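Chains as they are written, first to last, in our numbering: chain A, 1 to 165; chain B, 1001 to 1502; chain C, 2001 to 2661; chain D, 3001 to 3103.
Please note: incorrect hints may appear among the correct ones.
[Claimed, not checked] Simulated restraints on C-beta separations:
#1 C:G2633 x A:P135: 43 to 49 Å
#2 C:S2603 x B:F1198: 42 to 48 Å
#3 B:R1070 x C:E2003: 54 to 60 Å
#4 A:V65 x C:T2649: 34 to 40 Å
#5 B:L1013 x C:G2075: 43 to 49 Å
#6 C:A2658 x D:G3007: 16 to 22 Å
#7 C:G2633 x A:P122: 49 to 55 Å
#8 B:L1179 x C:T2621: 42 to 48 Å
#9 C:P2028 x B:I1041: 38 to 44 Å
#10 C:T2621 x A:L146: 43 to 49 Å
Quick caveat, the hints were computed from the structure, so don't treat them as lab data.
All figures in this text were calculated on a predicted structure; none of them were measured in a lab.
We put the CB at the ideal spot given by N, CA and C, even for glycine.
Residue strings, one per chain:
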Amino acid sequence: MPVMILFAASLTVIGAVMVITRRIAVHAVLWLVVTFLALACVFTLLGAPFAAALEVIIYAGAIMVLFIFVIMMIGPAQPESDREKEWLRPRAWLGPAILATLLCGELLFGLRATPHTGTPAPITPRDVGLSLFGPCVMMVELASFLLLAGLVTAFHIGRHRPETP
Amino acid sequence: MTPLPALVLLPVLGGAIAWLADRSRTRPEQPPPVAWLITLITLILETALLLAETFRQSPDPGPWLDHFSRPWIPPLGIDVRLDMDGLSLSLLWLTLILSLPCVLLATRQIRTRPGLFHFLFLATISGVTGTFLATDLFLFFFFWELMLVPMFVLILIWGHEDRHRAAMKFFLFTQGSGLLLLLSILGLAITHFRETGFLTFNYFTLAATPLSPALSMVLMLGFFIPFAVKLPVIPVHVWLPDAHTQAPTAASVLLAGILLKTGGYGMIRFNIMLFPEAAAHFAPVALSLGVAGILYGAWMSCQQNDIKRLIAYSSISHLGFVLTGIFSGSQAGMQGAIIQMLAHGLSTGALFLIAGSLQDRMHTRDMTRIGGLWATMPRLSGAGVFFAVASLGMPGLGNFAGEFLVLFATWRVSPPLAILAATGLVLAAIYALKLVNGIFLAPAAPAPSPTKDVPTPQIAILGSLMIFLVILGLYPRPFIAASAPSPPSVVTGKGEPNHAHP
Amino acid sequence: MTELLLPLTVLAPLAAAVILFLSAGRLPARQAGPLATAAVGLSAIISTLLAVIVLSAPPSAPIRITLWNWMTLPGFPAEIAFALDPLSLLMILIVTIVGFLIHLYAIRYMQNDPDTARFFGSMTLFVAAMLVLVLSSDLLCLFIGWEGVGLCSWLLIGFWYTDPANTAAARKAFLITRTGDAALLCGLLLLATRTGTLRIDTLLQAVTSGQIPPAPLTAVALLLLTGALAKSAQIPFQSWLPDAMAGPTPTSALIHAATMVTAGIYLIARLHVLFAATPAVMTLMAVIGTLTLLMAACNALVQTDLKRILAWSTVSQLGYMFLALGTGIWQAALFHLMTHAFFKALLFLTAGAIIERVRHERNIFHMGGLLRATPGLAAAFLTGAAALAGLPLITAGFYSKELILSSVWQATFPVGGGLALSGHVLWSLALAGAFLTTLYIFRCFFIVFSGPPQTEISGTTPRLMTIPLACLSLLSLLGGIVEMPDTLAPVHLFTRMLDPSHPLPHTSDPAWLLLAGALTPIAGLALAWTLWGSANPVIREAPVPTPGAHRVLTARTVESRWRPGIVPDALFLRPLRILNRIGRYDLPDRLSDSISRALCRASTLAAQTRTSLIAHLSSRTLRITREGSLLLGRMQNGRVRWYAAWIATGLCATLAAAMLA
Amino acid sequence: MTALPPGDALLLAVILFSTGLAGILIRRNLLFMLMSIDIMLNAAALVFIAAGAKWHDATGQVMFLMILALAATETAAGLAIILRLHARGRPSLDADTGNLLRG
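Next up, chain A with everything else stripped away, as it sits in the complex (with noise of 0.2 Å):
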């Protein structure tokens, strides 16, 4: 179904695309929700259901709860539109635009004569799950770590600390 793959991934880069242009944070959390959506679909595609379902539950989920519960920290949204507009002036974003499609183009031209081969067959949870705690044992391990130190740090900076010079 290729319409489907199209829709996919057309929505994830408009999807992308919209988070990096928009003014007001809320606006590009949601945008950006819906482009771990549009992502979780080519996923499903590629045969990795399993893959789909932590993508919606923890980036749209629980990271994009993350980023509103910061927003709501903040505060108000209307000056920073302002600054926000000031900041994204042509002259602002037309190097790294250009930066980016360089880049961009340069990948698309090195991978164009990808081999296509037949479809992929879908990877199940169970496959993962074996993989996972067989020879990748330690890749859990060290995403323990990680998430450890992530903790650790988050819990650390945003102590609230009384000012000390």
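With chain A fixed as given, assemble chains B, C and D onto it according to the hints.
Below, chains B, C and D without anything else, positioned relative to chain A:
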């Protein structure tokens, strides 16, 4: 036992002693001038030695008076070879006759490092003596350089205001041309080696080297140019006025009186004797150069206001006669050149002595600032007039005898050149009269005249030089007879090379 | 006896000169003069003795003494040798006797000068040199004396050296004569190479035997003539002699009367055989003599300086002598030389005395009326003037001049190519010269001695100075009777003595010739009297450059400083001066200097370039480093976005490189 | 169901990555930068998934999990920093003033 090596070594040894004695003196400010005394004694000993040598019975009947030979560097065929003929003898006498007045009149006043000064002075005399005696070409070159270096130092340290430049000029010219001399000597020796198979620097052996005309001409020029620089011949004379002007009095006298004569001596001994055919071919050029030197030197001399410079240029003019005489190709010219060398040494040396004593008293050499000396110092002025007149070629004095003989010989070769050279006599009159009318018989000038004349003993020394000049001018016959150079081919006796058959 | 006396003649003054010079500043001034005078007097006595010996018993050949061999060369002997023949005898008599009188005079004249030793030393050396000149039997030996007189003239003319003009005049005299000397030397060289000897008798034999081809002989004659002309101040060398008046008056007398200028006459007379062989040169000589005598007489007529008038008169009289020599009658030339020596010495010494009396005033127009104050001097001057003018019968000058004039009348002068110049032309010119001579000398006499006094006259002339004047006056009057024209009385003592073998051919001169010679001076005297001497003279005032009698005679302005020597100056001295100016710098010296300076500058430049290059490079490196570090520093600006951008750029670049590779 | 070819998924990942990069470069607001980083991480995750699909290997998804953990940690730390900055009086959340960070 021949005294020839002693003649060469005595001055430099005496100089070394003088130096050491002066260094060991405790209070340097106080004369007694130890160095001066030792120098004087050395020269007197040297004179005695030369006297003995002069009246010594010649060991062999040939024209060469004395021989001395010892191997020095046998593998290269280099010997210590000293030979004396009439030419060497007369030039040695000139050396002594000039250096004695020099020491008596001019070097006693030296205050800065007198020991070193006298050492260098005597070293120069040693070099000159060696140059006049050496008949091994390598040894000749050694002495040639030996007399150059002390003179350079003399000018450099004790000279007048512009001494550094003058000394450098002197050194560059003579040293540069000395290199050419070395090359020519090597060239001659190597040619001889190629021809005969054994290496030698012996003058007499090399004289017999068969040479192609072209090679002979090249080698002759190689010898000619350094001698021409020393003589000096006109295009390469530029070191002379500066060196003479800036040198201290004693060095000026040595330079003008003796050192220039080594050039003439070399031309006679090497150019004419070793390469007669090439020299005869080259003679027209040399004659023209000589006449050009006569006119140019006189012309330049007319234009000078510096006393010593005027005398220096007049030397160029006089030595033009020497060059002309040497290359005129006849015996008369050769004799004239020798007489002219002797007379020029005496007259110009005396003029430099007088100029030096004037400078000591008046602290200037500018003729426009000196004048009216006759009124205060008639004796010195009289001597000055006498030597100036001798230098303009007054008949009856030494210079005229030489000049006449040279002109006589030149006229046989080329009358126009002789007429031009005779014109030089008119120019000589101009500069000599300018000198006299500029300082002695002249209106009083701004520079304060000294109130005292020079003391009688000094005038007596100058007077003896005058007597020599008069004798040379009126009765040059014995000198002509005695100072004839001996040809290299007639040497006989024990001086004959004994290493010819190794 | 004579062999001993002959060198002594020279030795006496020479020894005096040496003593005087050696004693410089020690001998008291009062003794210098007597010593010198005694020496010259001794010499004069010896000459007289020699004259007595020689004339009492005339030897068949000249007395020769070879003192020593000067130089010996293959094919050319040169000797210091003296010879005494009548010619030399006459010359040494003139030189020593006139010289002695002049020395005697100079004792008082130079009494107050601080430097008498130098003066008398030079004077005696002068006499000695002149004696060497006239006695030598060898031309090279003669050349010693020849140069010697030049040297002494330089010493004496520039005696008062405190005035630069004097030394300049001395140098001029020496240089001009030296130019002639160089020519003479060339002539000697030519002779020596041709004949192999310079002994005069051998030489003359060689000439008579035709050993020398004509062309070299003419060249020799011309060169010798040049030397003689320069020494005797003839055209074109005449300019030095009037300037030579800068010296003390006895010097002038010595130069003009006895020594120096007569040397040229003597040389040609001595070598008359050689010159006789070259007729063209003889003609040239005669013409030059005639021109000189006219020119000099004209010059003398317009001078105002007493001594200059006399100087020009000397040039003029020497012209007569050259005319005589050119005619071939060298005996007449010598006769005139002798009488001229007497009266010219007289005139100069008198002039010196007059000038001393009028406080060293030399302009004749500032004198005047001296007749009453100084009758003795006036008489002496009148005697001299009369002798110079050649007033007939009573003066010596008449006889000598008459001898020349009558000989010229009859001579012919070959010019070459078959043409000849008639003697009549030169005779008439010489006669005109005689007329002018009378005119100028009596102009001088009348202006100085007659008329109202113009200046104060002081002092008296010392007796020591009057004695020589008296002697010379006597000689000026009576010196001529030794030789008389045939028309008057056949007295030929002088010419017989000089050349016994070849007496002058005395043809029958027409009587009117003698009469013309006698009347011309009288006419001149009359005109001079009318113009300057009479009670109501035509011309009295100092001549000013206005048209008048003077303007007829000279085309130029009439000034005492008028320099007739302009032409020779332009000929000789100016080129020398220009050469001198050009030669201020020694060209090769300059060249080497500039080369060394250029080398020095080049090396400095190279060093500078190197230094600047290195400096430039280092500074550039420094700047690049600094700017690079600045750039890098700007990259490290702490802005995350920029880091990201750099990362992206690097990624782009790497990818591009990978793909392009 | 018609599957997406992994090659095409790669192209999508490239575009996504570029977009995230552009976002980082363009935006000065730290929040947006964090979001852009998330987009880029997702692009990387997409590449892993596509690779796993191509070779039919579960390891790709394992790596996805890893990236997921990484993104979570990163977001947590980043948001903590933002909160911290805000608390310290930098309400603008301008990344370019990060170089003024003290203490």
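Against the structure, the hints come out as follows:
1. C:G2633 x A:P135: 43 to 49 Å: For P135 of chain A against G2633 of chain C, whose Cβ atoms are near 48 Å apart, the range 43 to 49 Å holds.
2. C:S2603 x B:F1198: 42 to 48 Å: Taking Cβ atoms as reference, S2603 of chain C and F1198 of chain B lie about 46 Å apart, which means the hint holds.
3. B:R1070 x C:E2003: 54 to 60 Å: 57 Å, holds
4. A:V65 x C:T2649: 34 to 40 Å: 35 Å, holds
5. B:L1013 x C:G2075: 43 to 49 Å: 48 Å, holds
6. C:A2658 x D:G3007: 16 to 22 Å: Since the Cβ atoms of A2658 of chain C and G3007 of chain D sit about 19 Å apart, the hinted range of 16 to 22 Å holds.
7. C:G2633 x A:P122: 49 to 55 Å: 53 Å, holds
8. B:L1179 x C:T2621: 42 to 48 Å: 44 Å, holds
9. C:P2028 x B:I1041: 38 to 44 Å: The hint (38 to 44 Å, Cβ to Cβ) holds, given that P2028 of chain C and I1041 of chain B are roughly 41 Å apart.
10. C:T2621 x A:L146: 43 to 49 Å: The hinted range 43 to 49 Å holds for T2621 of chain C and L146 of chain A, with Cβ atoms some 48 Å apart.
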